[in-house]
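Based on the provided sequences and hints, a complete structural model is requested.
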Amino acid sequence: MRHKKTELFNSLTNTLQIFFKTEKLTKAQEQANAYTAQFSEEVLSTTYTKQLQEFFKDSFSPFNASKGSVFQISNYNILEYRYLLNYVDKELSKMSLDSALFNILMETISVLSVKCYLHSEKKNIENTKELYDFLEDHSFTFLIGSPDLVKPHNYRDQPQIDRFNNNFKHLYILGYYRKIVAVNRDLLSISISNIKIVFSTPLINEILDDFIVEGEFYKKKNDCIKYTKAELIEYIKNTYRNVKIYADINIRVYEDILGILITPIDLK
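At position 163 of the sequence shown (counting the first as 1) the number is 149 in this note's numbering, and the numbers step up by one without a gap.
Quick caveat, the hints were computed from the structure, so don't treat them as lab data. Hints may contain errors.
The following label-pair restraints were derived from C-beta to C-beta distances [what the hints assert, rightly or not]:
id, residue 1, residue 2, range
1, Asp134, Lys108, 13 to 23 Å
2, Ala23, Pro250, 52 to 62 Å
3, Thr33, Ser179, 11 to 21 Å
4, Ser26, Thr249, 38 to 48 Å
5, Ala23, Phe57, 37 to 47 Å
6, Glu202, Val56, 17 to 27 Å
7, Asp195, Asp143, 47 to 57 Å
Every value quoted in this text rests on a predicted model; they were computed, and no experiment measured them. Beta carbons are placed, not taken as given, at the ideal position from N, Cα and C, and that holds for glycine.
Written as structure tokens, this is what we have:
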């Protein structure tokens, strides 16, 4: 009797799994059809490209160098992410734009450092008067990074607060970056060209973190439905899209030393 109950339970479980799996695969196909009907990846690409061009033009507008050495970082991957076909942003989010800016600036700072256009130095950022004296003496009054790092931490020190607010401009970098770059903005220019946006379907190994492999089957975490490899490929195709954005980073530097890369003296 117990054996028959177990067989009935397993049979019911398998039937329910097939039912829910069929329903899920059908729903995924329907949302893929709706995505194709409502959105054109070509149109999305055009919209995103225009948005990126305007955002970077505005972000890099403070840099004024019109002469000097020019070099290019070609076809650099400035941003990548994944979205669901039933939740598509017609425009890039502010977070995506900030992330792309962060990636571009990190690569630019790295290249400028390697080419010795940025002098690296550890500084006591608590002594703001001494730090500001040094930066102003060298015309390094434009800051790239988090301005909070070098703002006066003593809110009673009004002269230095006023000095910082009046004499220094900045380009804020979103993200945890515990260094700051101070440059003469008249000696540098940055621009972005040849933006290329690639849409693709994720491969199985790109989403395996969300699945548990059980023999020849794949089961999504916190779910009981098991997919064959062929079923999972179809489900992924109808559910996700990868977006990778590439661009050329164009950098112009007018003098051999355009700024300083500051590391707080207490940072290892």
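Results of checking the hints against the structure:
1. Asp134 x Lys108: 13 to 23 Å: holds, 19 Å
2. Ala23 x Pro250: 52 to 62 Å: Since the Cβ atoms of Ala23 and Pro250 sit about 54 Å apart, the hinted range of 52 to 62 Å holds.
3. Thr33 x Ser179: 11 to 21 Å: Taking Cβ atoms as reference, Thr33 and Ser179 lie about 18 Å apart, which means the hint holds.
4. Ser26 x Thr249: 38 to 48 Å: holds, 47 Å
5. Ala23 x Phe57: 37 to 47 Å: holds, 45 Å
6. Glu202 x Val56: 17 to 27 Å: Check failed, 55 Å falls outside 17 to 27 Å.
7. Asp195 x Asp143: 47 to 57 Å: holds, 48 Å
The structure shown violates just one earlier hint, number 6.
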